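Going line by line, the protein sequences match chains A and B. Residue numbers in the first sequence follow this note's numbering, run continuously in steps of one, and reach 396 at the last position. Residue numbers in the second sequence follow this note's numbering, run continuously in steps of one, and reach 644 at the last position.
Using 27 Å as the maximum straight-line C-alpha spacing, the simulated BS3-like pairs for lysine-lysine come out as follows: (1) A/376 <-> B/546; (2) A/282 <-> B/464; (3) B/619 <-> B/488; (4) B/546 <-> B/464.
Note that these hints are calculated values from the structure, not bench results. What you are looking at is a predicted structure, and each value in this text was computed from that prediction instead of being measured.
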Amino acid sequence: MEDRRPILLVEDNPMDVDLTQRAFAKRHIVNVLEVARDGEEALDWIARWEAGHPLPVVILLDLKLPRVSGLEVLRQLKAHPECCRIPVVVLTTSREDGDVAAAYALGVNSYIVKPVEFEKFIDVAAQIDLYWCVLNQQAV
Amino acid sequence: MADHNDRRIIDSLESGLLWFDTDLRIIDANRAAREVLGLGPGPLGVRIADLGWVQHDPHGAVIPEEQRPVWRALNGQGETTSGTVVVQTPSHGERWLRVRAVPVDSLGDGMPRGAVVSFTDFTSEHRAVEAARESEQLFRMFGDHALDLIWIVDPRSSKLLYMNSAYERIWGRPAAPLYEDLTHWLDGIHPEDQERVAAAALQTNASGMYETEYRMTRPDGRLVWIRGRGFPLFGADGRMRYMAGFAEDITLARTNEALEHAHRVAQERLERIVATAPGAVNSYCQDSEGRGRFTFASPAIRELLGVDAATLVARGIDLLDLVHADDRAMVAETLRASAELGSAWLATFRVPHTASGERCLEAHSMPVRESEGGVVWHGFLIDITERRRAEQEIRSLNIDLERRVAERTSELEAKHREMESFTYSVSHDLKAPLRGIDGYSRLLESDHVDRLDEEGRFFVAMIRKATAHMGDLIDDLLAYSRVERGRPKLGPVAAGPVVASVVDGVAAETAAGAIALRSEVEPGLSVLGERDGLVLALRNLLDNAIKFTAGRPDRAIDIGAHRSQGQVLFWVRDNGPGFDMRYHDRIFEIFQRLHRAEEFPGTGVGLAIVRKAVERMHGKVWAESAKGQGATFYVQLPAAQPANL
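Excised from the complex, chain A in its bound form:
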């Protein structure tokens, strides 16, 4: 059973947003890709979800974000009674041990390093779709 709820992409780089959208399109992923352009915008979504907006199937979270950092966004999401059940996949260029450890400590569901090559990025998009949108039994 495919989950057709939206995917939330938290990403400040417009080029990365565009390429992500294109990569998803190349894999024929139909879920709506909603975008938060910085950490603050990402946190704004919490109020919307509380107001009845459907929860995303997965949140793709960059760590290096203007205003509020990705790790802070992750912390607040995982501290929220409802939102904590949304799977969060960190999608970042940083493979720093400290970031990986901090993200897992905050309860991240997966940690993926963004590849430079576009083909590999398409593969990553496909895997995210397959795992989180198709196979995963959602908690909510």
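Chain A is fixed; fit chain B onto it per the hints.
For chain B alone, coordinates are given in the frame of chain A:
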């Protein structure tokens, strides 16, 4: 019997003459006989038995009648008889006579008709001999009561004439052998003293007195000190007749003298030590009520306490009254504890009023309990004012130094954080545009290929290739900087499993590339290092070997480790193109490459990572190669001690 002339001759003789008839009557006597025996001038004819004489031999035994010479002469026992007879006369006392009796045969028929007795009176000689004997006896008795040895020697014959019993007492030896041979005199005299003693004796012979002291060992092993004196004895004619002397046992005097000397030396030494000792030596006592005073103090105490030693002792000044008020209770308490436990008194306190102001003193003393219930501490006080000041200076310098180290450390930490954030940015910010370049050129290639000619497609391919290389460079640079991160946590690492895991990691590549990979690790090897660092180094070397054997038909790589002089040596050997040893040092530097990119791809970071990882573990890395001969890379690390395992 004799005519007038004969009579005159007979009476002039010195010897006495007596004529006896056969009845032992004295029928005549000459003048000498009458005088010696007190017979008087008148007619004789008296029987000898009636004269009241007692006759005895020289030993005092009474001579029976038939033993007397005159009786034996009358009774025909021999022509002439003789003997010594002591006659006790009533008038002339005891007379010592040498007697000869001759029988008179007046008719010539062999029958004695009488006897003539002649005698010489040696009473006075006998008395002189007796007196001499008595005198010698007296001398011997006197000598044997003397404590000192007395001896007399005849210098002409070198014979011992006399020695008292003190010899046997002092020397512990019999005197008899000395009478045989006087050289036994040296028996027992200490070998070092013998020559001197013999020389002294010779000197006496030559010139008179001598006095000498020497050692003598008794047969029982006891050493005795002897003082000997010798001197000549002269006769009335002024010539030396005897050598005589004394010898006394002076061991006791000598020992006392030695003890006194040792005591004096010890006393002097002690005084010198007290005078030169650092600080002030002192004896401080407290009576049973806790009142304290000094019983002794060396002069140096004046500088320490501000009171000179004599005043301190004479006035009975208590140490506690001189101590700084704030330290007084502590000093009293440490003294009390020392007295109670009998342990050393160690205390540091201040004395405020001395010529050089306040001093800081250190006390070291041992307590001795006195019979009256008091305690005396013997020990010393040292001035530690300067030491204290220096210590404080060092302390404040240390604090300052620590503060500066902390400052530098936090500066370094800030630099390090800056560096981390820089690499983070490099990673994130440099890669983001790369991803754009690659993504859009890929989209151009896939979605707009019909609008590009061949050259355009080539350009796009080159853009993507350059982008990929830039991505690799950034990744390698980050990997290189990550090696340095944090302090190495060194511990024992088993070599076998590390090599096995590195070999496993390239299994797919070696299979795909038809590479003969052999590994050979000596069993039980362990190094002191970091597992991750070792894996990183060996993995990079192995990747290198795989890269450089590419394109050969017979690709072969050896990896292994063995023990070598307390170290563990790893090696990775390939049969690739090798390199010129002139470039050996350059290949371990970052971004240094010996091959053009189209020969072998790479960023020039791999060997720099290897070197950095190995050096972090205090190891060494090097390579051996020659152009066209393959290359062998070595990593040497300290072997882990069995105790570290």
